[in-house]
Amino acid sequence: MNPLQTSYKPDLIMKLQTRQYNDKIVLSGEIEAGQSNIITADVSNLGHFYTTYFTGDFSTLILDQGAIVDDGVSHLRGQLRDGSNSKNLFSDYVPLNLIMSPGRAKNANSTNVLTDVASNNLFYPFPFFYMFTVNSKIILEAKNDSNTKNYVNLILHGVRVIKDL
Amino acid sequence: MDSVLNKNYALDTLDIETLSTQWPQLIYKRLQTIGAPVKFLEPLPFGYGFILIDLRTQWAFKTLGDPPLLLPELKVEFKKTVGSKMLQALPYWVNHVSTPGNQDVAEAQAEPSPVDNDNFGVAFEAKSVKNQIRYNEYYQYREVIDLQLLYDTNNALPSTQYIDVVLVGYYVPDNELGVWGNK
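Sequence lines, in order, name chains V and H.
According to the working numbering, the first sequence is numbered sequentially starting from 46.
According to the working numbering, the second sequence is numbered sequentially starting from 20.
Chain V on its own, in the form it takes in the complex:
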């Protein structure tokens, strides 16, 4: 859509936005060393949530000779599920660096956080079109192959669609 070639009709838009509007759902969590963790977010009873993109970042920490350092290795894998019907949206646990942008992020738990290299990743949101139904749960199960705790943040960008009453 080109905003300069679109004729906006404020009355229609305002009417429409009482039923659907921009929304984001955030999933954030930490995964212990060698463990998996289930991170959930509720779609709530406001309405359906139609996601169009997701973005994510994660830490790349490892315990090296007693110190937690950022080694830049992708230790986390994740599986996204629609909790309303336990539908797996990934066939397997996907390494997060294959799908997440901005991806690797500095983490304050690194003992060398000031000197850790920046990720220098370009920003490419992942197009992901899916309707999570009202009152359902969004589940991110992440596994950590590192020998120390790692962190992941995921934002589902989309549109809230008010359900018919």
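Just so you know, these hints were derived from the structure itself, not from any lab.
Treat the hints with caution; some may be incorrect.
To be verified - Lysine to aspartate or glutamate pairs mimicking EDC-like chemistry, simulated, CA-CA at most 20 angstroms apart: (1) 149(H) to 137(V); (2) 208(V) to 73(H); (3) 58(H) to 137(V).
Everything numeric in this text was worked out from a predicted model, so none of it was measured.
Position chain H against the provided structure of chain V, taking the given hints into account.
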């Protein structure tokens, strides 16, 4: 499908019935090769077609104990089982369809190598791999997604190599099938 993906989803009324039909699926495998072609085969479940949107890969540039520079080239070749047609004239380099990402593996760690217990194999660096080229190729239900990866080196045969492959696409229910209760 295309009309759904291109909706001006903030300003057009969303049709819940339409949006509820197809759903995203990331098909992931970690493949292992010693230089020979390796097959990625994914049979589709009954009742669903699959539209392939894009392909993401990462692969090892070297492994511990190997010569430092093997200069591997990873090529991909798609084959359609329906009609026995190929989707390319020749196998082509995967970095022509997705942003060249991780081509390296972790160096030795003082601590145990960060791999899981399922022989996941090797830890890739966390450089992002971004899609670029849209395939928009539709596979019918019960078809097999068939692609072959060719891992060539210019110098010497590498030891075991790992290739991560993610196919990004959408399952599309075939509403005409009896499995959905239609006649």
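The hints, checked one at a time:
{"no.": "1", "hint": "149(H) to 137(V)", "verdict": "19 angstroms, holds"}
{"no.": "2", "hint": "208(V) to 73(H)", "verdict": "32 angstroms, violated"}
{"no.": "3", "hint": "58(H) to 137(V)", "verdict": "18 angstroms, holds"}
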